[in-house]
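Okay, here's what each chain looks like letter by letter:
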Amino acid sequence: AQTVTQSQPEMSVQEAETVTLSCTYDTSESDYYLFWYKQPPSRQMILVIRQEAYKQQNATENRFSVNFQKAAKSFSLKISDSQLGDAAMYFCAYRSGGGSQGNLIFGKGTKLSVKP
Amino acid sequence: EADIYQTPRYLVIGTGKKITLECSQTMGHDKMYWYQQDPGMELHLIHYSYGVNSTEKGDLSSESTVSRIRTEHFPLTLESARPSHTSQYLCASRSGGSNQPQHFGDGTRLSIL
Numbered sequence: 001a002q003t004v005t006q007s008q009p010e011m012s013v014q015e016a017e018t019v020t021l022s023c024t025y026d027t028s029e030s031d032y033y034l035f036w037y038k039q040p041p042s043r044q045m046i047l048v049i050r051q052e053a054y055k056q057q058n059a060t061e062n063r064f065s066v067n068f069q070k071a072a073k074s075f076s077l078k079i080s081d082s083q084l085g086d087a088a089m090y091f092c093a094y095r096s097g098g099g100s101q102g103n104l105i106f107g108k109g110t111k112l113s114v115k116p
Numbered sequence: 117e118a119d120i121y122q123t124p125r126y127l128v129i130g131t132g133k134k135i136t137l138e139c140s141q142t143m144g145h146d147k148m149y150w151y152q153q154d155p156g157m158e159l160h161l162i163h164y165s166y167g168v169n170s171t172e173k174g175d176l177s178s179e180s181t182v183s184r185i186r187t188e189h190f191p192l193t194l195e196s197a198r199p200s201h202t203s204q205y206l207c208a209s210r211s212g213g214s215n216q217p218q219h220f221g222d223g224t225r226l227s228i229l
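Each protein sequence line maps, in turn, to chains P and L. Residue numbers for the first sequence follow my numbering, so the first one is 1 and each next one is one higher. Residue numbers for the second sequence follow my numbering, so the first one is 117 and each next one is one higher.
Simulated from the structure, these hints should not be mistaken for lab results. Here the structure is a predicted model, which means the values were calculated and not measured. All C-beta atoms in this analysis are idealised placements derived from N, C-alpha and C, irrespective of residue type, glycine included. Heads up, a few of these hints could be off.
Stated by the list, open to error - Estimated spans, in silico, between C-beta atoms of each pair:
1. P:T3 <-> L:N169: 41 to 51 Å
2. L:E172 <-> P:G97: 15 to 25 Å
3. P:S74 <-> L:V128: 36 to 46 Å
Stated by the list, open to error - When the alpha-carbon atoms are kept at most 30 Å apart in a straight line, the in silico BS3-like pairs for lysine-lysine are as follows:
4. L:K147 <-> P:K55
5. P:K108 <-> L:K173
6. P:K111 <-> L:K147
7. L:K133 <-> P:K111
8. P:K73 <-> P:K108
9. L:K147 <-> P:K115
10. L:K147 <-> P:K70
11. P:K78 <-> P:K55
12. P:K78 <-> P:K111
Construct the complete structure from the given sequences, taking the supplied hints into account.
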């Protein structure tokens, strides 16, 4: 079975600085998708960024980028120019590709604090 | 922003009551999901559906039940609420494409006294 591990329960970053959140996963599959979701306190969980395993190029979305290392099964999230609104729980998630049913497997999350 | 709605947002109710948590989406998504999440913890899948009249149990055992009579509606029911059911319940949906992400509702925070 696939597993997702986020080894940093909490992280802190100074406003305008850069922070990297770690995520590793375990799978024997070659076709899958990886996601980072953000869940602000008492607010809706939203997608931050996604990566297809077959793509070598790292995904980027404005200030958010990933470092996808397929061989190492690592999928870290980098947040540049951190803003107060980035404070939230961040969840890494895995989904099988191909003909699978495609349910998400979540990590335990990393709570990010942004200091003004 | 995705159009997926959950009601109520908060519910405090006594033990033994029957509860239905509502989830509706207006995007025509065929796949829908229910997750249970304790504060500050990870999400656990408790139910999912791939279309009308399709429901499956998730990875986490739950005493709740679901139904999918209409594409847009995926309610979750607890026949007799207990304090152990106190948690946050998140509903999500997605379209059928393999790379499509799940879109989440605001969640229902349930407290059973």
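Consistency of the hints with the structure:
1. Look at T3 (chain P) against N169 (chain L): about 32 Å separates their beta carbons, and that is not inside 41 to 51 Å.
2. Checking the proposed 15 to 25 Å range against E172 (chain L) and G97 (chain P) shows it holds: the Cβ atoms sit about 19 Å from each other.
3. Here the CB-CB span from S74 (chain P) to V128 (chain L) is close to 42 Å, well matched to the stated 36 to 46 Å.
4. A C-alpha spacing of about 25 Å is found between K147 (chain L) and K55 (chain P), which places the hinted pair at or below 30 Å, so the restraint holds.
5. For the hint linking K108 (chain P) to K173 (chain L), the alpha-carbon distance of about 21 Å falls within 30 Å, and the restraint holds.
6. For the suggested pair K111 (chain P) and K147 (chain L), the alpha carbons sit about 29 Å apart, so the restraint of at most 30 Å is met.
7. Distance check on the hinted pair: K133 (chain L) and K111 (chain P) sit about 34 Å apart at the alpha-carbon level, beyond 30 Å; violated.
8. A C-alpha spacing of about 17 Å is found between K73 (chain P) and K108 (chain P), which places the hinted pair at or below 30 Å, so the restraint holds.
9. At roughly 39 Å between alpha-carbon atoms, K147 (chain L) and K115 (chain P) are farther apart than 30 Å, so this suggested pair is violated.
10. Taking the CA atoms of K147 (chain L) and K70 (chain P), the gap is near 28 Å; set against the 30 Å cutoff, the hint holds.
11. Between the alpha carbons of K78 (chain P) and K55 (chain P) the distance comes to roughly 18 Å, so the proposed pair stays at or under 30 Å and holds.
12. Between K78 (chain P) and K111 (chain P) the alpha-carbon distance is near 14 Å, which keeps this suggested pair within the 30 Å criterion.
In this structure, the earlier hints numbered 1, 7 and 9 are contradicted, and the remaining ones agree with it.
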